[in-house]
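Novice: Each chain, written out:
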Amino acid sequence: MKKKYWRCFVCNDIHWGVRPPQICPTCGIVHAYVEISAREAKGILGPQAEPDFAVDDFRRAIAAFAETTEFKVNPDTERVDLLLSGIAANEQNHGLRYCPCRLRSKEFEEDLKIVCPCNFLIHETYKGVEKGECWCGLFIKR
Amino acid sequence: MGKLIMFHGRECPHCRAMMPLVDKLIAEGAAIEKLEVWHDEKNADLMRSYRPVITAKCGGQLRVPTFINPETSDAACGEMPYEKLKAWAQG
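Each protein sequence line maps, in turn, to chains R and C.
The first sequence begins at 339 in this note's numbering and counts up by one.
The second sequence begins at 74 in this note's numbering and counts up by one.
Extracted from the complex, chain R is given alone in its bound form (with noise of 0.2 angstroms):
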């Protein structure tokens, strides 16, 4: 299945999926999307994205992806920290936040797998473990 890029015609939200969102979840508009070239959603969100994402903010976004889920950011701080650091550190040095106790394997898709938060939800350090863990240990069960 072939990811495309759609665009809300009404306030102008970039979506990237098989299939465009039923609802705008910016306007709120019902079937608002439109599909368009990847030059397009490259040239919109281009100006308007952020031109930084800093660790604070990361660390805030992890908070609240995790706030409502069976899981929860670990609360060892100086273990959260030093990861932190790294998935800083990976972002400026490989383009994408990947899992510093990962390696990434030069395979876009494949790699795509281990940038954070992955889909640690199936991994055996997880799935079926009492105190699972996501492998670096960022988020572990409540």
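Derived by calculation from the structure, the hints in this document are not laboratory data.
Possibly wrong hints are sitting among the right ones.
[What the hints assert, rightly or not] Label-pair distances were calculated between CB atoms; the ranges are: (1) E405(R) / A100(C): 40 to 50 angstroms; (2) P93(C) / Q430(R): 22 to 32 angstroms; (3) D395(R) / G132(C): 22 to 32 angstroms.
[Stated by the list, open to error] Within a straight-line C-alpha distance of at most 27 angstroms, the following computed DSS-like cross-link-like pairs (lysine-lysine) qualify: (4) K451(R) / K130(C); (5) K115(C) / K465(R); (6) K115(C) / K451(R); (7) K115(C) / K444(R); (8) K479(R) / K130(C).
Note that beta-carbon positions come from the ideal geometry of N, C-alpha and C, so glycine has one too.
Assemble the complex: chain R is given as a structure, and chain C must be docked to it using the hints.
Specialist: Below, chain C alone, put in the same frame as chain R:
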């Protein structure tokens, strides 16, 4: 005991946890070369060259820390107790 390689990441907590155990093993005479892979692309490429060996033993992924015996093409990965690491290193 032949020469072994430890692939590790500078900001990987598992790697940090294993370092004192590896250093202890080195102090006891083991030849273990420690190669950082996220800040050294040459080391990363070397680790990638062992991909079939590593993924077979490490859940299908290139994980750190990973220990490699280049002579036997054996691999072990993740945190482990000292005795287990030592036993693996001794083959």
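Novice: Decide, hint by hint, whether the structure agrees.
Specialist: Structure-based check of all given hints:
Our hint of 40 to 50 angstroms for E405(R) and A100(C) holds, since their Cβ atoms are close to 46 angstroms apart. A hinted range of 22 to 32 angstroms holds for the C-beta pair P93(C) and Q430(R), which are about 29 angstroms apart. Taken as a hint, the range 22 to 32 angstroms holds for the pair D395(R) and G132(C), whose Cβ atoms sit roughly 31 angstroms apart. Between K451(R) and K130(C) the CA atoms are separated by roughly 18 angstroms; this keeps the pair inside 27 angstroms, and the hint holds.
The hinted pair formed by K115(C) and K465(R) fails the criterion: a straight-line CA distance of about 34 angstroms is larger than 27 angstroms. Between K115(C) and K451(R), the direct Cα distance comes to roughly 23 angstroms. Compliance with the 27 angstroms bound is thereby established for this hinted pair. Pair hint K115(C) plus K444(R) holds up; C-alpha atoms about 13 angstroms apart against a cutoff of 27 angstroms. Under the criterion of a C-alpha separation no larger than 27 angstroms, the hint pairing K479(R) with K130(C) is consistent with the structure, at around 25 angstroms.
Of the hints listed earlier, the one the structure fails to meet is number 5.
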